[in-house]
Amino acid sequence: MQFPSPVSLQWIAEFINAKLVGNTNEPATGINEIHKVEKGDLVFVDHPKYYNKCLNSDASFIIINKETDVPEGKALLIVENPFDAYCKIVTHFRPFEPANKMISDSAVIGEGSFIYPNAFIGNHVIIGKNTIIHPNVTIMDHCIIGDHVVIQAGTVIGSNAFYYNTKKDRELWYKKMPDCGRVIIEDFAEIGAGCTIDRGVSHDTIIGRGCKLDNMIHIGHDTVLGKNCLLAAQVGIAGVVTVEDGVTLWGQVGVSKTLTIGENAVIYGQSGVGSDVAGGKTYLGSPILEAKEKSRELVWVKRIPELWEKVMGK
Amino acid sequence: MQFPSPVSLQWIAEFINAKLVGNTNEPATGINEIHKVEKGDLVFVDHPKYYNKCLNSDASFIIINKETDVPEGKALLIVENPFDAYCKIVTHFRPFEPANKMISDSAVIGEGSFIYPNAFIGNHVIIGKNTIIHPNVTIMDHCIIGDHVVIQAGTVIGSNAFYYNTKKDRELWYKKMPDCGRVIIEDFAEIGAGCTIDRGVSHDTIIGRGCKLDNMIHIGHDTVLGKNCLLAAQVGIAGVVTVEDGVTLWGQVGVSKTLTIGENAVIYGQSGVGSDVAGGKTYLGSPILEAKEKSRELVWVKRIPELWEKVMGK
Amino acid sequence: MQFPSPVSLQWIAEFINAKLVGNTNEPATGINEIHKVEKGDLVFVDHPKYYNKCLNSDASFIIINKETDVPEGKALLIVENPFDAYCKIVTHFRPFEPANKMISDSAVIGEGSFIYPNAFIGNHVIIGKNTIIHPNVTIMDHCIIGDHVVIQAGTVIGSNAFYYNTKKDRELWYKKMPDCGRVIIEDFAEIGAGCTIDRGVSHDTIIGRGCKLDNMIHIGHDTVLGKNCLLAAQVGIAGVVTVEDGVTLWGQVGVSKTLTIGENAVIYGQSGVGSDVAGGKTYLGSPILEAKEKSRELVWVKRIPELWEKVMGK
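Chains as they are written, first to last, in the numbering used here: chain A, 24 to 337; chain B, 24 to 337; chain C, 24 to 337.
Hints listed in this document are in silico derivations from the structure and should not be mistaken for laboratory results.
Honestly, I wouldn't trust all of these hints.
Pairs count within a copy or across copies, as identical chains cannot be separated in the list.
The calculated lysine-lysine pairs, modelled on DSS-like cross-linking and capped at a C-alpha distance of 30 Å, are [said to hold, decoys possible]:
(1) K124 to K111
(2) K89 to K315
(3) K124 to K317
(4) K190 to K304
(5) K304 to K199
(6) K250 to K280
(7) K97 to K42
(8) K250 to K190
(9) K199 to K62
(10) K333 to K198
(11) K42 to K333
(12) K250 to K304
(13) K280 to K152
(14) K97 to K333
(15) K304 to K97
(16) K198 to K62
(17) K191 to K315
(18) K152 to K124
(19) K124 to K333
(20) K304 to K59
(21) K199 to K42
(22) K250 to K42
(23) K250 to K152
(24) K89 to K59
(25) K111 to K59
(26) K152 to K199
(27) K280 to K191
(28) K315 to K72
(29) K198 to K304
(30) K42 to K89
Sequences are here, hints too, so could you generate the full structure?
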């Protein structure tokens, strides 16, 4: 998330009670989770395993629970519990805003758009022109919907990222990370009925221009779909996935987190995508293989009895 | 869709700016998409691959982008872009009707039926007697719900057909085909929570008498379920599928488009049905096999190490 | 279900027109379906296959369609159609209560809890403190939601059990069993968007303390999740399943009915759990295997061509 305006490091250090070292002249322009950081960003790290990744990332300011050398041009904010500090900052800039109307006063709805009864449009939502929102749709705060978009009944845009701080040595293992990202639905995208599209943890979940989603599709936080993707019913995509332009996913395909599906790839129904797949090809199976390879494998399995008979006799 | 009353070919030709040839005396009684046409219907075709199928179908009047011989007793409406002509006609007879009430004035609700708060009942919907519609249900325009039906919370009846005109040489690859079909839920059918049932493209999606659907089931456009079918949670059925009487589909089964599942067939959980399956049998797997055949296959796979040892040595 | 106060057997016998034999001094304290009965309970049985199971269960009073020896200390209520008698009693004590408000007058909502617009809260629902209910959520009658719970948009709590009396020699094969159980969501549990959690048939469906459920998850009737379980999107669990503490189910996992998943088990995405699995291990596949065993199996399948070549020649 970008801050509304740059924030001085001194203010942040005082707010989270941190020891501030390094280049403290530049203000922070935003705060982000490590999987997507930019120059000017605050980021946090609390596990030694990720110290180097964070210190060497594009982030300029690192909230950390260790005294260490400051990378050139950067600053450290040293605290005992970086996760709590991160949560405190995010919650300050993105506080819980109650809603008591179906369409919030701060929502902006473009000319020619039609909102059916019973659709909920949260705070600061922006909806473009000639867009149709069906009944019982929920669009949570800060999401952005383009022009000529259709969102069908019962769909939820901007549900919370499924993203937890996990520690199994305490009574409650999972502690939700407050999310401050958005969902952006680009122009001419159409979303079927009963879908759920989670907001980004700190960046945006994006459904590209001209994408068509069937019913009951789940899209995880920070996942980005390119242009002209076609997703059939009951597809599920985890968080931080990149689906490039022109990809087709048939019904009930499942996609694991943080991977990339290349341009124009086609994945057949019920397949499970567990690693990056190259574009321009067709895939099948769980675990997934190129379709022709998987088809050969299925033929080989059918030949086992023949092989058995030859080797073992009848 | 049937027209409210027969429409003269001369009016249609002028409306879509078509050249009219052949038997122009009979009026058109309806307009349908090629997968389900009857005598008296208008149909369209724009791809040479499908010219013959359309010209030889039961449709009486063909909107086509080619000068060709007129089949006996039929008429052609020749235009440059048949898809646009089809859309223009459908949109004329089934225009977008805004909705600004939770229960539309044109909806008819039978005696003894109960509509919970927050259910949306669209224009021209007909609901029978002693039927219960739970909260946050959406029933879109023109759908027909029988007697003694239960539709549980969050379910969407009559979402749009997921059906697109596809051309990958333009900026937006997918152009939605306007649908004019309905969903018909017959008497004593029960639909669980969070389901989505798409309307037919030009005909009807039908859930047969006494069918029981669990939660989160997706039914595609123009699919027809016979009587007494039982579908467990998270089943997904694509478009134009025929499910005969008494079929059982267990949880998370996926069914591809345009196929038939025979009477009393039983499909076990997570199976993928990719081709017609005969009735009276039990099936398993993705791709699907008869259950006993699939079970044998699983046993054969477990024997590979034994075979390997015999052939290759330890 | 427990009765509001104990009910005399004489009253019940008259109400369902039953012949009463055995120990008729004690009153019935509740009525339950055979899979979960306690001392003091009424239960019903109508199929000879289950006579012994019912007569020897913990239930004190058996509605049965057969004259038979009365087990010691128990009583029989002999009727022609035990299922109808059971339904009549359940419907008497748990009658259909219409709802005409979004938040029923009999609902109790704790301090600090926030209900978004358009959430439906049914009769006799109890919601704890500091809980957030998002828009378009449906919570049906009698459910109990704890403190510090989040239920995201479009989710349905307390949908009907998918549980039918089946007889294929009548016109309508499936007859719904009226349910009188509840859903209980314990403190600090979080439920994603678009989920459906069915109420118990006669007992409770329980989501344990600190469980985190992603979007579009289906939980069947009478299923119990322990503490700190983590379920990813599109998981489906059938009825009467026991998921012990600390279990992780990744995306699109399917779980069959009446089984147990042991403590801290981890099930990878798209797996199908068809039988009990021991705790502390990791599983994969449909049908499921221990992950390391399944991985070996996948390797063996890839070796078939090598085996074929050795045995059959090129």
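Taking the hints in turn, this is what the structure says about them:
{"no.": "1", "hint": "K124 to K111", "result": "within (28 Å within a copy, 38 Å between copies)"}
{"no.": "2", "hint": "K89 to K315", "result": "neither (52 Å within a copy, 37 Å between copies)"}
{"no.": "3", "hint": "K124 to K317", "result": "neither (52 Å within a copy, 52 Å between copies)"}
{"no.": "4", "hint": "K190 to K304", "result": "between (40 Å within a copy, 19 Å between copies)"}
{"no.": "5", "hint": "K304 to K199", "result": "between (38 Å within a copy, 25 Å between copies)"}
{"no.": "6", "hint": "K250 to K280", "result": "both (20 Å within a copy, 25 Å between copies)"}
{"no.": "7", "hint": "K97 to K42", "result": "within (14 Å within a copy, 73 Å between copies)"}
{"no.": "8", "hint": "K250 to K190", "result": "between (38 Å within a copy, 14 Å between copies)"}
{"no.": "9", "hint": "K199 to K62", "result": "within (26 Å within a copy, 42 Å between copies)"}
{"no.": "10", "hint": "K333 to K198", "result": "neither (59 Å within a copy, 54 Å between copies)"}
{"no.": "11", "hint": "K42 to K333", "result": "neither (75 Å within a copy, 68 Å between copies)"}
{"no.": "12", "hint": "K250 to K304", "result": "within (17 Å within a copy, 41 Å between copies)"}
{"no.": "13", "hint": "K280 to K152", "result": "neither (33 Å within a copy, 34 Å between copies)"}
{"no.": "14", "hint": "K97 to K333", "result": "neither (70 Å within a copy, 62 Å between copies)"}
{"no.": "15", "hint": "K304 to K97", "result": "neither (43 Å within a copy, 43 Å between copies)"}
{"no.": "16", "hint": "K198 to K62", "result": "within (28 Å within a copy, 40 Å between copies)"}
{"no.": "17", "hint": "K191 to K315", "result": "between (43 Å within a copy, 24 Å between copies)"}
{"no.": "18", "hint": "K152 to K124", "result": "both (22 Å within a copy, 22 Å between copies)"}
{"no.": "19", "hint": "K124 to K333", "result": "neither (74 Å within a copy, 73 Å between copies)"}
{"no.": "20", "hint": "K304 to K59", "result": "within (28 Å within a copy, 33 Å between copies)"}
{"no.": "21", "hint": "K199 to K42", "result": "within (26 Å within a copy, 57 Å between copies)"}
{"no.": "22", "hint": "K250 to K42", "result": "neither (45 Å within a copy, 37 Å between copies)"}
{"no.": "23", "hint": "K250 to K152", "result": "within (19 Å within a copy, 44 Å between copies)"}
{"no.": "24", "hint": "K89 to K59", "result": "within (22 Å within a copy, 53 Å between copies)"}
{"no.": "25", "hint": "K111 to K59", "result": "within (19 Å within a copy, 46 Å between copies)"}
{"no.": "26", "hint": "K152 to K199", "result": "between (35 Å within a copy, 18 Å between copies)"}
{"no.": "27", "hint": "K280 to K191", "result": "both (22 Å within a copy, 29 Å between copies)"}
{"no.": "28", "hint": "K315 to K72", "result": "between (40 Å within a copy, 26 Å between copies)"}
{"no.": "29", "hint": "K198 to K304", "result": "between (40 Å within a copy, 24 Å between copies)"}
{"no.": "30", "hint": "K42 to K89", "result": "within (10 Å within a copy, 77 Å between copies)"}
Hint compliance for this structure: hints 2, 3, 10, 11, 13, 14, 15, 19 and 22 are not met, and every other hint is.
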